[in-house]
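Colleague: Starting from the structure of chain A, add chain B where the hints point.
Take a look at the letters that make up each chain.
2 protein chains.
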Amino acid sequence: MGFKYRDGLKGVTRSPLKVIEDERGAVMHMMRNDHPMCHDFGEIYFSKINHGFLKGWKRHKKMTQNFTAPFGQVTLIILDLRDGSDTYDHYTMINIGHPAHYQLVTIEPNLWYAFFASSQEGAILANFTDLPHDPLESEQLPIDHFHVEDIPSSLVS
Amino acid sequence: MGFKYRDGLKGVTRSPLKVIEDERGAVMHMMRNDHPMCHDFGEIYFSKINHGFLKGWKRHKKMTQNFTAPFGQVTLIILDLRDGSDTYDHYTMINIGHPAHYQLVTIEPNLWYAFFASSQEGAILANFTDLPHDPLESEQLPIDHFHVEDIPSSLVS
Numbered sequence: 002m003g004f005k006y007r008d009g010l011k012g013v014t015r016s017p018l019k020v021i022e023d024e025r026g027a028v029m030h031m032m033r034n035d036h037p038m039c040h041d042f043g044e045i046y047f048s049k050i051n052h053g054f055l056k057g058w059k060r061h062k063k064m065t066q067n068f069t070a071p072f073g074q075v076t077l078i079i080l081d082l083r084d085g086s087d088t089y090d091h092y093t094m095i096n097i098g099h100p101a102h103y104q105l106v107t108i109e110p111n112l113w114y115a116f117f118a119s120s121q122e123g124a125i126l127a128n129f130t131d132l133p134h135d136p137l138e139s140e141q142l143p144i145d146h147f148h149v150e151d152i153p154s155s156l157v158s
Numbered sequence: 002m003g004f005k006y007r008d009g010l011k012g013v014t015r016s017p018l019k020v021i022e023d024e025r026g027a028v029m030h031m032m033r034n035d036h037p038m039c040h041d042f043g044e045i046y047f048s049k050i051n052h053g054f055l056k057g058w059k060r061h062k063k064m065t066q067n068f069t070a071p072f073g074q075v076t077l078i079i080l081d082l083r084d085g086s087d088t089y090d091h092y093t094m095i096n097i098g099h100p101a102h103y104q105l106v107t108i109e110p111n112l113w114y115a116f117f118a119s120s121q122e123g124a125i126l127a128n129f130t131d132l133p134h135d136p137l138e139s140e141q142l143p144i145d146h147f148h149v150e151d152i153p154s155s156l157v158s
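Chains A and B, in that order, are what the protein sequence lines are.
Mapping of the first sequence onto the numbering used here: residues 2 to 158, in sequence order.
Mapping of the second sequence onto the numbering used here: residues 2 to 158, in sequence order.
Okay, chain A solo, but in the shape it has when bound:
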């Protein structure tokens, strides 16, 4: 009993993102209108994540999420409970952050997800969606609703 880890899930896509660095800082790409994961533009917002907290669980019925982390390190946990999915009952964990793991993670609708800051200074998660926020389209469950063994227990108690 318990969810099984898998390196990737059906409906989760990781895309590399370009970073151009110099002594002044960096230019860090996120999304362009010709990116394969760009369909409609709904909204772009940020989730500031304080260290020590898990944010989730959340599931969207219609909206696709496109995540990256321009500041700090984020660990994203995604759980597949979709009937008939090839990766049903599995979860994956993805590290996002500059410089080691700067990437775009696209999550199709109907997957559950949660995230926490794995860096002491907290983190900023950016989310580019294909629909604007609509409370009727999303569901939330308490952080202790699903037991995923790779999530540090200090975050769910």
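Because the hints were derived from the structure by calculation, they are not lab data.
Accuracy of the hints is not assured; some may be wrong.
It does not matter which identical chain is used: a pair holds within one copy or between any two.
What the hints assert, rightly or not - Straight-line C-alpha distance at most 30 angstroms; calculated BS3-like pairs for lysine-lysine:
#1 K5 / K59
#2 K11 / K63
#3 K59 / K19
None of these values were measured; they are calculated from a predicted model.
Modeller: Chain B alone, transformed into the frame defined by chain A:
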């Protein structure tokens, strides 16, 4: 001789942005498809700004910039050298950052701009544009090209 300060320029718009905070962090809005400043979606990218550097000067011929700062504090300097503009020969300075100055700053084409991190830890500037990056559409000049007296001299020497 020198540019004159003005609290705002023709073609520069400041829009308040909503922040919803709790102990876990915050949700910080940036742009939605029904925002008055949202026309086309071209690109969203981040500028990581190390403390002690001025980034600029830059001018776009066609592209509109929509800036906010999800991490750190940014000072944005905008200079109007457009022939016939009501605010010709003036500049403005705008602080952007959470929590005190979290806002969206929209800059129409043909205004010159530069920015620096006013926080010791550096800053992240997010830019939502109506066109994807096109080097033929933008111009750059060295940071010491324009003398703006409110820019700390340590940044331009």
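Colleague: Quick one: which hint numbers does this structure break? Sort them smallest to largest.
Modeller: Nothing - there is no hint that the structure violates, so all of them hold.
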